[in-house]
Amino acid sequence: MPDATGLELIAQELQANDAVGAAGVLEREHVRGRAALTIEVGCLRAVLEQLRAGGFSFLASVHGLDYYPEEPRLGVQYELLDMEGRDRITIKVRVSTESPEVDSVTPDWPTADHQEREVHDMFGVLFRGHPDLRRILMPEDYVGHPQRRDFPVGGEPVLFTYNDTNELGSPE
Amino acid sequence: MSSTSEYRRREQSITLAPLEEQLETNWGGPRQSQELLTLNMGPHHPATHGVLRLLVTLQGEVVHEVKPIIGYVHTGIEKTAEDKSYWKVIPVVERMDYLSYYFNAMSYCGAVEQLLELEVPKRAQYLRVIHLELNRIMSHLVWLGTSALDLGAISVFWYCFRERETILDLFEMSSGQRMHTRYFQVGGVIEDLPRGFEEKLRAFLRVMPERADQYAALLRSNEIVLQRLRGTCPLGADELLALGVTGPLLRAAGRPWDLRKATPYSSYEDFDFKIPVGTVGDNYDRFAVRLAEIYESVKIVEQALDGLPEGPHITPDRKISLPPRHELATSMEALIHHFKLVTEGFRVPAGEAYFPIESPRGELGCFVRSDGSSKPARVHMRDPSFVNLQALSRMVEGSYVADLVATVAMLDPILGGIDR
Chain A
8 MPDATGLELI
18 AQELQANDAV
28 GAAGVLEREH
38 VRGRAALTIE
48 VGCLRAVLEQ
58 LRAGGFSFLA
68 SVHGLDYYPE
78 EPRLGVQYEL
88 LDMEGRDRIT
98 IKVRVSTESP
108 EVDSVTPDWP
118 TADHQEREVH
128 DMFGVLFRGH
138 PDLRRILMPE
148 DYVGHPQRRD
158 FPVGGEPVLF
168 TYNDTNELGS
178 PE
Chain B
37 MSSTSEYRRR
47 EQSITLAPLE
57 EQLETNWGGP
67 RQSQELLTLN
77 MGPHHPATHG
87 VLRLLVTLQG
97 EVVHEVKPII
107 GYVHTGIEKT
117 AEDKSYWKVI
127 PVVERMDYLS
137 YYFNAMSYCG
147 AVEQLLELEV
157 PKRAQYLRVI
167 HLELNRIMSH
177 LVWLGTSALD
187 LGAISVFWYC
197 FRERETILDL
207 FEMSSGQRMH
217 TRYFQVGGVI
227 EDLPRGFEEK
237 LRAFLRVMPE
247 RADQYAALLR
257 SNEIVLQRLR
267 GTCPLGADEL
277 LALGVTGPLL
287 RAAGRPWDLR
297 KATPYSSYED
307 FDFKIPVGTV
317 GDNYDRFAVR
327 LAEIYESVKI
337 VEQALDGLPE
347 GPHITPDRKI
357 SLPPRHELAT
367 SMEALIHHFK
377 LVTEGFRVPA
387 GEAYFPIESP
397 RGELGCFVRS
407 DGSSKPARVH
417 MRDPSFVNLQ
427 ALSRMVEGSY
437 VADLVATVAM
447 LDPILGGIDR
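Those sequence lines, one after another, are chains A and B.
To convert a position in the first sequence, counted from 1, into the numbering used here, add 7.
To convert a position in the second sequence, counted from 1, into the numbering used here, add 36.
What the hints contain is simulated information worked out from the structure, not anything from laboratory work.
As the structure is a prediction and not an experimental result, all values here were calculated from the model.
All C-beta atoms in this analysis are idealised placements derived from N, C-alpha and C, irrespective of residue type, glycine included.
You may find that some hints are simply not true.
Computed list of lysine-lysine pairs in DSS-like fashion (alpha-carbon distance at most 27 angstroms, straight line) [what the hints assert, rightly or not]:
#1 B:Lys158 with B:Lys355
#2 A:Lys99 with B:Lys115
#3 B:Lys411 with A:Lys99
#4 B:Lys120 with A:Lys99
#5 B:Lys310 with B:Lys236
#6 B:Lys355 with B:Lys411
Every beta carbon over 10 angstroms from chain B, so not counted as near; a handful from chain A, in silico [said to hold, decoys possible]:
#7 Thr12
#8 Glu20
#9 Pro79
#10 Val102
#11 Ser106
#12 Leu133
Listed next, the stretches of chain B that the computed footprint assigns to chain A, with coverage defined by at least 3 CB atoms under 8 angstroms from CB atoms of chain A [unchecked claim]:
#13 108 to 120
#14 142 to 150
#15 286 to 299
#16 398 to 411
#17 420 to 433
#18 443 to 453
Produce the complete structure using the sequences and hints provided.
Here is the structure:
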């Protein structure tokens, strides 16, 4: 990962970009060997595109998070990897549960397809511009987003075909 | 109408009209030859390596499109992990990718150690490497056996499982379990190697390269295997990178990217090994790269065993690791630590960590967020099978159904890891 100075330089370069602006970078974090930038959700694609030009050309992972009870609750993190420089950087965005909308990066990074679908499935984040935003791990007709922190564990009926005729969630 | 039957209704209402339209504009030709067939493979198909369902659109015998449908073994492991104290999460995450359990544990423990800023003793790092590489060989053996089975060769399966058995016996010796061993702990490993382990391991390391030679001889010059693998379903490195594919699949396309070399963890920088790479990235390269990796793993285990340093096998920090049994009888402090650890568990300072390692299938990263309590606030695995699966459709477009089966085998997806 870039050192603290390197991260500051990257942040300043991003802020010099008109699509990002000075207000685009909200927070810089450099703790325990992990470099992370929290950015304004609106300029996500511009930031990732600029970092790609700077060498971070591989999107390793997309994580969803729920910061409950903090607000805004939901978070999406993008782990970028620079294979030449063997460097990693994390880009974070935060959105509220009321309007959980994030621009999809799948058009630029095809690898984000399944991972964004997973975040959508588990946290209910809506990725604008995703070509096929459906649930991926849970059944299509599932209600709720199980990885949210206020989603209860257990007490869920098992989906057998036998239960097809019954209302979903009825005990028989 | 209940919501479940609504689901069934939608499932049955799938129509091929848009695809046919697309074909007409893109492919041309008389209408009879454009007839499309949607074939459902799985989820209970022996050739899909688990409960993977593929919706295959065929034109004759040529694959037009593949849509993987997953989630059949989703067990909510990431959710379960949030309800357990840090050290109790280890057995849960091990069950994700059930063929590379040491890797799951390693990436999870690594992330927690990063949050704790904990130094792992050198001996523990070496012991981890020994088990990781044995696990890699084991995973590749299962892959080789089942892939050969997919191609119609049944005997290789028995041979591979013979060697796998020896490895599982070794795991049983060191930890008491054959699979999901819970051997890796935060701060080190649970126990030192037992007596007799080294001899048995050395005997295994002596025969393994020989046995791998035999498998190679059995398959590499086999006309059927060559016909099925050589030149089928290649995909270039740039496209693989865009799709996020790592591991043997990427190396088969000629990119020597291996996290053990690129960003060494757990003392991998101490060992001398090579990264096998392919040239064109077809199924044969994928096969050859994995087979060659078995030899390299044997070399690493040998070096780790020769250079195994003396010292503790787990961090001596009593706030993190359990005190040894004999201390409990004499030390009040040890008893208190023991009580604290097994009831509440240790607390981890608030923060986030992402710890990527090279699993047999590619970059396996564990993301852990701590809120300062004794339970993780979020555990997320970036599972290589999950990401690599996206490349399947691009690989098989325009090839035969039989090649699709071979490609799924060479992709080596583990559904436990995909669905988590």
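Ascending list of hint numbers which this structure does not respect: 14, 18
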